[in-house]
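Protein chains: 2
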Amino acid sequence: MPMIQKPTLLLDKIKCRKNISAMVSKMIKNNVDFRPHFKTHQSLEIGRWFMESGIRKITVSSIEMAEYFSPEWNDITVAFPVNIREIETINKLAVTINLNLLVESSEAINFLKENLKSKAGFFIKIDVGNNRSGIHPSNTGLIDAILSISGFSDRLNFKGFLGHAGHTYKCKTRDEVTGIHNMSREVMAGLKNRYIQKYPDLKISLGDTPGCCIACDFTGIDELRPGNFVFYDLMQCRIGSCMVEQIAVALACPVVAIHKDRGEIVVYGGSVHFSTESLENEKEGTVYGRVAEIKENGWGQIIQGMYLKSLTQEHGIVSVPHSEILKYSIGDYLIILPVHSCITANSMKNYLTFDSEKISRM
Amino acid sequence: MPMIQKPTLLLDKIKCRKNISAMVSKMIKNNVDFRPHFKTHQSLEIGRWFMESGIRKITVSSIEMAEYFSPEWNDITVAFPVNIREIETINKLAVTINLNLLVESSEAINFLKENLKSKAGFFIKIDVGNNRSGIHPSNTGLIDAILSISGFSDRLNFKGFLGHAGHTYKCKTRDEVTGIHNMSREVMAGLKNRYIQKYPDLKISLGDTPGCCIACDFTGIDELRPGNFVFYDLMQCRIGSCMVEQIAVALACPVVAIHKDRGEIVVYGGSVHFSTESLENEKEGTVYGRVAEIKENGWGQIIQGMYLKSLTQEHGIVSVPHSEILKYSIGDYLIILPVHSCITANSMKNYLTFDSEKISRM
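Chains A and Z, in that order, give the protein sequences.
Residue 329 is where the first sequence starts when you use this note's numbering, and the numbers rise one by one after that.
Residue 329 is where the second sequence starts when you use this note's numbering, and the numbers rise one by one after that.
Since the hints were derived computationally from the structure, they do not count as laboratory data.
Be a bit skeptical, because a hint or two may be false.
Repeated chains share a single entry, so a pair holds when one copy, or any two copies, can fit it.
[Claimed, not checked] Computed cross-link-like contacts, SDA-like style, restricted to lysine to any residue with a CA-CA straight-line distance of at most 20 angstroms:
1. Lys420 with Met331
2. Lys441 with Gln641
3. Lys588 with Asn458
4. Lys500 with Gly591
5. Lys334 with Tyr527
Could you put together the complete structure from these sequences and hints?
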C-alpha cells in the first residue's frame with residue numbers, strides 16, 4: 329500500500345477496469361451504443377481505459393468538462409441543459425469536436441440558432457419522471473416548436489431525445505429500478521414512434537447507473553450513458569446495482585483521536601473530502617461511509633458496525649464497536665468506502681493507485 | 329457586476345472587510361487575543377486584510393493549510409488533533425514559524441517527544457461539550473500524563489487549553505448560544521485554576537463564530553478563534569450570529585431551465601458548488617440556499633419564497649413563487665446565499681469581487 333499522510337483517494341485499478349469492461353460487454357450484448365458519463369471520474373487517464381475498451385463517444389455534465397476532455401475525445405454530449413452564457417466556449421468547441429448540446433426550451437434553441445457559429449448536434453431533453461429538468465413527454469407542442477426553430481438553421485442537427493431516470497437513485501429494490509427503467513423506455517418509444525418518420529436518424533439516449541446495471545431489456549434504446557458504475561459506491565450497493573466488492577474507490581483517512589468510552593475514532597477526513605451525502609438506516613441512523621479491512625494490496629470486506637457517523641469540515645467521527653476499538657492506535661489509517669463516489673471524487677484533487685501512481689483529474 | 333459564465337463565487341469585499349473590523353473591535357474591547365480561523369476563506373489575499381487590521385496570529389485546520397499560509401504568517405495554531413503521519417511537514421514548518429499543535433492523548437505527545445526536531449507549542453484539546461474531539465475536562469489524569477511526558481522534552485512548549493464549542497451550531501436562539509459559551513468558559517476556568525500555578529503562562533483558547541458574535545462576557549478567555557464570521561451565511565443568520573446583510577459571499581448561478589408549471593428554475597450550480605449542507609423549516613422543508621435580489625453592485629434582500637430546494641452534482645432546483653417566475657428567462661443568473669460558507673468556499677477555486685478581481689485560495 330502507498331504511504332498515506334493525509335486523506336487520500338485510493339483507486340483500485342483492477343476493480344475499476346473490470347467495472348468498465350463488464351459494462352462494455354453488457355452494452356455490446358444488448359446492441360446498444362455506449363456513451364459513458366465521465367463526470368464521475370473526470371480524468372483523462374481513466375478515460376483512456378475506456379478508449380482501450382473500444383469506446384469513442386462520451387458524456388460530460390458541463391462545457392468546462394467537455395473542454396477538458398476535448399484534446400482526446402472527438403464526440404462529446406454535454407448532458408446538461410445548455411448554458412447559453414458559455415456560448416463563446418461552445419463555439420470554440422463546436423469547431424474542433426462533434427459536440428452535442430441539450431435543449432429543453434424554445435428560448436435556448438432560438439439562442440443557438442442565432443449564435444452558434446459551427447455545426448453542433450442537439451438532443452431534446454425529456455423528463456422521464458425525475459422531475460429535475462426536461463420537457464414533459466406529452467408536451468409535443470413544445471417539442472414541435474423547438475424542431476421548427478432548429479429547422480431554420482443548417483448548423484443545428486437534431487440528434488434525438490435524451491432522458492435521465494435519476495429517480496432510480498431513490499429506489500430500494502431492484503424491481504423498483506426495473507419498473508422505472510421500463511417506464512422510461514415506454515415514454516421514449518412513444519416519442520420515437522411519433523417523430524421517426526420525419527427524423528429517421530433520431531436516437532433515444534437514456535442512462536442512469538442503476539437502470540443500466542439492473543435492467544435486462546433495452547429494447548428501443550439506441551444509446552446508454554451511465555457514469556457512476558466506473559467506481560460504484562455504498563448508495564449503488566443499497567440500490568442493488570453492485571456488490572460491495574465492486575466498489576473501486578475509497579478514502580484512506582489517518583486516525584487522529586480515539587474515544588474508547590464513546591466507541592468513536594476521529595479521523596482526518598471530513599465533509600470537504602467525502603461531501604455530506606448519506607444513507608439512513610434504522611439501526612445506525614445516518615451513515616456517511618463504511619470502514620473496510622485493510623489488505624496488503626487494497627481493501628477487503630466491510631467491518632461490521634464500523635461506519636462514519638458524522639462529518640464536519642475536516643473531522644470524521646467513526647462509530648466503532650467496543651470489541652474492535654482496542655485494535656486501533658493514533659497514526660493508523662482507516663479505509664472508508666464513500667456513499668456517493670461521484671461527489672467524493674470531485675472533492676479530491678487526484679487518485680492514488682496501490683502502486684503509488686498518481687492519477688490526475690480536471 | 330462582473331460577467332458570469334458559470335457558477336461563480338462572488339465576494340462582497342466591503343461587507344467582508346466590515347465583518348473583519350467589527351470582530352477585531354469586539355476582541356480589542358473585550359481585551360481578548362484574536363487568532364482568527366482561516367479555514368473559512370483559505371486565501372492569502374483575504375488574510376492580508378486581517379493583517380492590515382493588526383492581526384498577527386492565525387488558526388488553521390490542517391498542516392497543509394499551515395504550509396500554505398506560512399510564507400506570510402509566522403504564528404499558526406493547527407486546531408486539529410495532530411496527525412502524526414505528517415511529521416515530516418510538521419518538522420519543516422516548526423523550523424520556520426511558531427507552530428502550535430493540538431494534543432489529546434499520551435500517544436500523540438509521546439510521538440512528538442520522540443520525533444519533533446525543533447521547538448513547537450502545543451495546546452491540550454478539551455471537549456467543552458461538543459463531543460467531537462478533546463479530553464473530558466474531568467479527566468485530569470490524562471492531562472497530567474500528557475504534561476508529564478511533554479516535561480521530558482525541551483522542544484515541546486505547553487501553551488494552554490483549547491476548546492471549540494461547535495455545538496453552538498445546533499442552537500436556535502441567542503440565549504442557547506450564550507448558555508453554551510458560558511458553560512465553556514466555566515469548564516476552562518476550572519482547568520486554568522488547577523494548572524496556572526505550575527504553568528503561569530498557560531492560555532485559554534476558545535472560539536466558535538456563534539459564541540464570539542453573540543456572547544458579551546469573555547472573562548477568563550485569553551484567545552478567541554472564530555472563522556466563519558469573515559463571510560457569515562444562512563446558518564449563522566438562523567443561529568442569530570449575524571444579519572442577512574452581513575453575508576459576504578454568494579454563488580452566481582446561470583438559469584438553464586424554467587418550469588413554470590412546477591414553479592421551479594433549474595440553475596447551473598449543484599452540490600459540487602454549494603455542498604449539500606441544508607437548513608430545515610416546516611413551511612419550505614429543506615433549504616440549500618436563498619436567492620437574493622441582484623443590485624448594480626452586489627446583491628440586496630432575500631426574495632421571499634425563492635430558495636434552493638434540491639441539488640444534484642451540477643443542477644440546482646430553485647423554488648420560485650408563481651408571482652415571480654415570469655420575471656426570469658434562460659440565460660439570466662441568480663445570486664444564491666449559501667447555507668454554510670466555509671464549505672461552499674472550499675468547493676470553489678477562487679472568489680470574484682464586484683470589480684472582477686479574482687482572489688485565489690489554496
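Evaluated hints:
In this assembly of identical chains, Lys420 and Met331 lie within 20 angstroms of each other by CA distance solely across copies; the values are 18 angstroms between and 42 angstroms within a copy. Taking CA atoms no more than 20 angstroms apart as the test, Lys441 paired with Gln641 passes in neither setting, with 45 angstroms inside one copy and 28 angstroms between copies. Proximity of Lys588 to Asn458 under the C-alpha cut-off of 20 angstroms is restricted to the inter-copy arrangement: shortest distance 16 angstroms between copies versus 44 angstroms within a copy. Proximity of Lys500 to Gly591 under the C-alpha cut-off of 20 angstroms is found in neither arrangement, the shortest distances being 30 angstroms within a copy and 29 angstroms between copies.
For the identical chains of this complex, Lys334 and Tyr527 are neighbours neither inside a copy (54 angstroms) nor across copies (33 angstroms), given an alpha-carbon limit of 20 angstroms.
Violated hints, in rising order: 2, 4, 5; the structure is consistent with all others.
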